[in-house]
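Trainee: Now for the letters of each chain:
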Amino acid sequence: MASYVLKRLLLMIPTLLGIIVITFAVVHLAPGDPATLMSQSAESSSMNEGSAKSIVEETKKLYGLDKPLPVQFLRWVQRAVTLDFGNSYRDHRPVMEKIWEALPITLLLNIITIFIIYIISVPLGIYTAVKPRGVADRVVSVVLLVFYSLPSFWVAIMLMVIFGSGDYLNWLPITGILSHGADKLPWYEIVMNISWHLILPIVCLTYGGFAFLSRFTRASMLEVIRQDYIRTARAKGLSEWRVIMKHGVRNALIPILTLMGTLLPALLGGSVIIEQIFSIPGMGRLGFESILSRDYPVIMAIATISAMLTLVSILLSDVMYKVVDPRITFDKREG
Amino acid sequence: MTLLQVRNLTTQFFTDEGVVKAVDGATFNLDKGKTLCIVGESGCGKSVMSLSLMRLIPEPPGRIVQGEIMFNDVQGERDLLKLSNEEMRRIRGKRIGMIFQEPMTSLNPVYTIGNQIGEAIALHEGGSNKQVKERTIRMLELVGIPAPEQRMREYPHQLSGGMRQRAMIAMALSCTPDILIADEPTTALDVTIQAQILDLMRELQRELGMAIIFVTHDLGVVAEMADQIAVMYAGKFVEVGTAQQIFNDPKHPYTQGLLKSIPSFEKGTEGKRLPTIPGVVPSLSNLPMGCAFADRCEKVKDRCRGEAVSEDPCNVGRLVRCFYA
Amino acid sequence: MVNERQTYASMIWRQFKKSRLAVVSLFVVAALVVIALLAPFIANERPILMRHAGEWSMPIFDKASLTLSELDVIKDSSSGDLWFINPPIPFGPTTYDLDSVLSPPTKKHLLGTDGDGRDIVSQLIWGSRISLSVGVVAIGIAAIIGIIFGLLAGYFGGWADMIISRLIEIMTCFPTFFLILTVLAFVGPSIFNIMVVIGITGWTGIARLVRGECLKVRGRQFVHAAVVSGARDGRIMWRHILPHALAPVLVSVSFGVASAILAEAALSFLGFGVPASTASWGSMLSEAQEYMDIGWWLTLVPGSAIFVTIMAYNLIGEALRDAIDPNMKT
Ligand SMILES: Nc1ncnc2c1ncn2[C@@H]1O[C@H](COP(=O)(O)OP(=O)(O)OP(=O)(O)O)[C@@H](O)[C@H]1O
Ligand SMILES: [Mg+2]
Chain B
1 MASYVLKRLL LMIPTLLGII VITFAVVHLA PGDPATLMSQ SAESSSMNEG SAKSIVEETK
61 KLYGLDKPLP VQFLRWVQRA VTLDFGNSYR DHRPVMEKIW EALPITLLLN IITIFIIYII
121 SVPLGIYTAV KPRGVADRVV SVVLLVFYSL PSFWVAIMLM VIFGSGDYLN WLPITGILSH
181 GADKLPWYEI VMNISWHLIL PIVCLTYGGF AFLSRFTRAS MLEVIRQDYI RTARAKGLSE
241 WRVIMKHGVR NALIPILTLM GTLLPALLGG SVIIEQIFSI PGMGRLGFES ILSRDYPVIM
301 AIATISAMLT LVSILLSDVM YKVVDPRITF DKREG
Chain U
1 MTLLQVRNLT TQFFTDEGVV KAVDGATFNL DKGKTLCIVG ESGCGKSVMS LSLMRLIPEP
61 PGRIVQGEIM FNDVQGERDL LKLSNEEMRR IRGKRIGMIF QEPMTSLNPV YTIGNQIGEA
121 IALHEGGSNK QVKERTIRML ELVGIPAPEQ RMREYPHQLS GGMRQRAMIA MALSCTPDIL
181 IADEPTTALD VTIQAQILDL MRELQRELGM AIIFVTHDLG VVAEMADQIA VMYAGKFVEV
241 GTAQQIFNDP KHPYTQGLLK SIPSFEKGTE GKRLPTIPGV VPSLSNLPMG CAFADRCEKV
301 KDRCRGEAVS EDPCNVGRLV RCFYA
Chain V
1 MVNERQTYAS MIWRQFKKSR LAVVSLFVVA ALVVIALLAP FIANERPILM RHAGEWSMPI
61 FDKASLTLSE LDVIKDSSSG DLWFINPPIP FGPTTYDLDS VLSPPTKKHL LGTDGDGRDI
121 VSQLIWGSRI SLSVGVVAIG IAAIIGIIFG LLAGYFGGWA DMIISRLIEI MTCFPTFFLI
181 LTVLAFVGPS IFNIMVVIGI TGWTGIARLV RGECLKVRGR QFVHAAVVSG ARDGRIMWRH
241 ILPHALAPVL VSVSFGVASA ILAEAALSFL GFGVPASTAS WGSMLSEAQE YMDIGWWLTL
301 VPGSAIFVTI MAYNLIGEAL RDAIDPNMKT
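Protein chains in written order, with the working numbering: chain B, 1 to 335; chain U, 1 to 325; chain V, 1 to 330.
Excised from the complex, chain B in its bound form:
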């Protein structure tokens, strides 16, 4: 087990290196070097000449822009590996500090989202697989495809008008994750307050995911139902419910679990627009604002960190494989 994880970690190294190369390339893709671009944005944010200059120097030092390319690259590798991304151009706070503030919020959002998507899609997928091509199957598949096709930002602004503006139903808060001054309340009130704030964003983040996962579950389940051991289970006299829930589902879940890893980056990307619309101070919004203000250190840090997180979650879902599938022995399987 430990040796398997170690091996997987080693195999991640080339991928990690690739990620670092790409982020490095993106910085150098920028027209003009980051330092000058940076000072332009500093000018526009009405800084005095001197501090703008010092920022240019700081930036040049950070990226080692006076050095030859290979040296610059090695520097970047070193920074990425040690998670030392320097200071933000905008407010000069350490990049990591800003990320540590934003990450928990996005993770909270995404974990709840993934949880809800699984809780709804997997049973739906199983149900439609048990009675394929029936009326329910067709209705579910069309309804979910409708959800999948509804642009989340459109739904978001419509939900805001309906539930959050004073015009129709003034039920739910539409910005941020905590009411102003609510941090002084007792903890359970804070939890309530946050949940209240998260309802609309979570709705917008989840509904589009049902179609894919339930479809995937259905396919996986249909495949399992055709297997011989399902026939064996029936021949034993088990009820259809037992056959499906015990012998079908556990096998069908194996490929579904590995999907978790691939869902994470999609949700991180998706939350740029939702976090922006609902003014949620998570990674998506931090990233978007950094892009708008050309705050390179933050952009690079977010890209690198979320790519690394994804790698880790792929590893985790592979390890989870083991829990549900006794056939996989860690020694035999190669990455």
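None of these hints come from the bench; they were simulated from the model.
As the structure is a computational prediction, the values presented were derived from the model and not from experiment.
Even glycine gets a Cβ: it sits at the ideal position worked out from N, Cα and C.
Please note that a few of the clues may not be correct.
Said to hold, decoys possible - Restraint-style ranges between C-beta atoms, simulated for each label pair:
hint : chain 1 : residue 1 : chain 2 : residue 2 : range
1    : V       : Arg14     : U       : Gln244    : 50 to 56 Å
2    : U       : Gln150    : V       : Leu215    : 49 to 55 Å
3    : B       : Ile162    : V       : Ala30     : 54 to 60 Å
4    : U       : Ser285    : B       : Ser195    : 58 to 64 Å
Said to hold, decoys possible - Cut-off 25 Å, straight-line C-alpha distance, at most; resulting in silico cross-link-like pairs (DMTMM-like, lysine to aspartate or glutamate):
hint : chain 1 : residue 1 : chain 2 : residue 2
5    : B       : Lys131    : U       : Asp16
6    : V       : Lys216    : V       : Asp161
7    : U       : Lys94     : B       : Asp228
8    : V       : Lys18     : B       : Glu101
9    : V       : Lys216    : B       : Asp137
10   : U       : Lys32     : U       : Glu154
11   : V       : Lys18     : U       : Glu134
12   : B       : Lys131    : U       : Glu59
13   : B       : Lys246    : U       : Glu125
14   : B       : Lys131    : U       : Glu134
15   : U       : Lys94     : B       : Asp84
16   : B       : Lys131    : U       : Glu17
17   : B       : Lys7      : V       : Asp161
18   : B       : Lys246    : U       : Glu224
19   : V       : Lys18     : U       : Glu59
20   : B       : Lys246    : U       : Glu134
21   : V       : Lys17     : U       : Glu87
22   : U       : Lys34     : U       : Asp302
23   : V       : Lys216    : B       : Asp228
24   : B       : Lys246    : B       : Asp183
25   : V       : Lys17     : U       : Glu17
26   : B       : Lys246    : U       : Glu77
27   : B       : Lys246    : U       : Glu87
Given the coordinates of chain B, work out where chains U and V with the ligands should sit on it, guided by the hints.
Mentor: Chains U and V with the ligands alone, transformed into the frame defined by chain B:
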């Protein structure tokens, strides 16, 4: 005592390409403690036949369109096809057990052997966890799996093919059924293992007294196992008789063809596939009006093609579906 | 070989036709394409055809010619030798009808106007050009890259496979939308850049698919035969392997077009889209936010357009997938 009376059992699959008549009017009796062998070439409907008896035909596309399966045990005689799903479930695994061709894929890979055998016992016999476990171990011992207490904690992939088939047999017999349906249980195994499994089944039959419906296309196996034999061709039984009758006095040209191409039934014929008779089997979704074997038959006459063949047109005294037997 | 392929295609078509929604979607997409192509003839502030002072002209192609409102003014004063055919929607996407700003749907403006008095129908029609072209071109790029990489990886295996597979893995680690935003921030938003960026971030799925098909097909008899008979690699890939991968790629492409259209709309919504003078469905939505409370049609109309288009492509994709995948239909 007649345990099972099957009358005119007909199972069809309704596919895009047409209606597949996989089992067409099968009729036979099975006596207590005896073995009926169903032989026939690949695709002639043997598996569909056995699954129909268990009412395990996938529906759709399949359906048992007519017939009756009278089952006569301690609870009296009843037609399995008329039972509710719930009642039928209590028969499966308890009164009729079944084992399949592919021991590799017939066991669920994610549960231990003990779990899968114990499941059937707990379902039909009840009892505490401990009792279930003890009985599971006893069953594993019975089918000759060494170190059963350890084996029951293992997963199917940790067992060899022969061991898996033994585990399957243990599972099917765990509730001491009256009938065991074995659908080519040895086809996927190599010859020595095959012989061991056959010995085991005969031994268990003597010990537990169940009747066996043994499906195979291996005539050597038939010679070893059968009391009764039903020869199947293109969805129909073409000849039914005792082992003696079929081997010593085959009437149907198809049966004769099968037997003729086997040099002897001495030792060493086990494991040989059915010999090939020239020609092809007609498609089950597009059967001719008359005898389905006509195109391959040496004795074929005009009548064979133009007229449906009844069960015993020559009055042999048992089922022989041929005008010129 | 050709025959076999034709029957395969017709089998897929037969299955596809069974989904009525998918057939309707095909018509929707076809109608959208026609509308997008004919946009200048359908919604324009200049006449389609005009005769003035004995001369024929097509003012829609001449930015310098008089607009309909200007023509209305001179119509009375001119000598009568003025004749023209109006387009069905007599407004261009940038015609400012200052008499009816923020007008709800009326006879004159069928779906209302925005805060600057621009006709919504006209903007919608012209916006379809952006959506459709981004969708098609971006996925075209993605498909070409994906097919080439997939073929290389699947056919040659070994090092090529190793490198391409790693590349795919790396690409999938980045949050795609964030990556698109970042690159666009560097290269500047333009319709061309949007297409390219969506294209080069969207090829991994197709590459994986083609690679998988390739591995499946490579072992088959006819490929062996082709190899033995000394056909060149390129030819084998093109003639023997690609056709088998085509059906799943097509599924991926129609879902891909939908998500590219969505991505463009999202980008425009965030202000990263095509420059503001060109109406795109996403930017219409973005502007609608300002009038959310008083101009419901401003939000509803472009959103529905995006939704219907995406839905049509998704339905087509799904029906195609069912048609080629016998396992799904039981
Ligand atoms: N689910 C199904 N749908 C359609 N046709 C089926 C289905 N299952 C079986 N059949 C058809 O029924 C016929 C009999 O099949 P069956 O599996 O009983 O053959 P078999 O005699 O057991 O052959 P084998 O010796 O290869 O196991 C075949 O022609 C097959 O095509
Ligand atoms: Mg069979």
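Trainee: Are the hints correct? Go through all of them and say.
Mentor: How the hints compare with the structure:
no. : hint                               : in the structure
1   : Arg14(V) to Gln244(U): 50 to 56 Å  : 54 Å, holds
2   : Gln150(U) to Leu215(V): 49 to 55 Å : 39 Å, violated
3   : Ile162(B) to Ala30(V): 54 to 60 Å  : 34 Å, violated
4   : Ser285(U) to Ser195(B): 58 to 64 Å : 60 Å, holds
5   : Lys131(B) to Asp16(U)              : 19 Å, holds
6   : Lys216(V) to Asp161(V)             : 15 Å, holds
7   : Lys94(U) to Asp228(B)              : 20 Å, holds
8   : Lys18(V) to Glu101(B)              : 52 Å, violated
9   : Lys216(V) to Asp137(B)             : 30 Å, violated
10  : Lys32(U) to Glu154(U)              : 35 Å, violated
11  : Lys18(V) to Glu134(U)              : 55 Å, violated
12  : Lys131(B) to Glu59(U)              : 11 Å, holds
13  : Lys246(B) to Glu125(U)             : 19 Å, holds
14  : Lys131(B) to Glu134(U)             : 38 Å, violated
15  : Lys94(U) to Asp84(B)               : 67 Å, violated
16  : Lys131(B) to Glu17(U)              : 22 Å, holds
17  : Lys7(B) to Asp161(V)               : 20 Å, holds
18  : Lys246(B) to Glu224(U)             : 38 Å, violated
19  : Lys18(V) to Glu59(U)               : 21 Å, holds
20  : Lys246(B) to Glu134(U)             : 23 Å, holds
21  : Lys17(V) to Glu87(U)               : 42 Å, violated
22  : Lys34(U) to Asp302(U)              : 39 Å, violated
23  : Lys216(V) to Asp228(B)             : 24 Å, holds
24  : Lys246(B) to Asp183(B)             : 46 Å, violated
25  : Lys17(V) to Glu17(U)               : 18 Å, holds
26  : Lys246(B) to Glu77(U)              : 33 Å, violated
27  : Lys246(B) to Glu87(U)              : 21 Å, holds
Of the numbered hints stated above, those contradicted by the structure are hints 2, 3, 8, 9, 10, 11, 14, 15, 18, 21, 22, 24 and 26, listed in ascending order.
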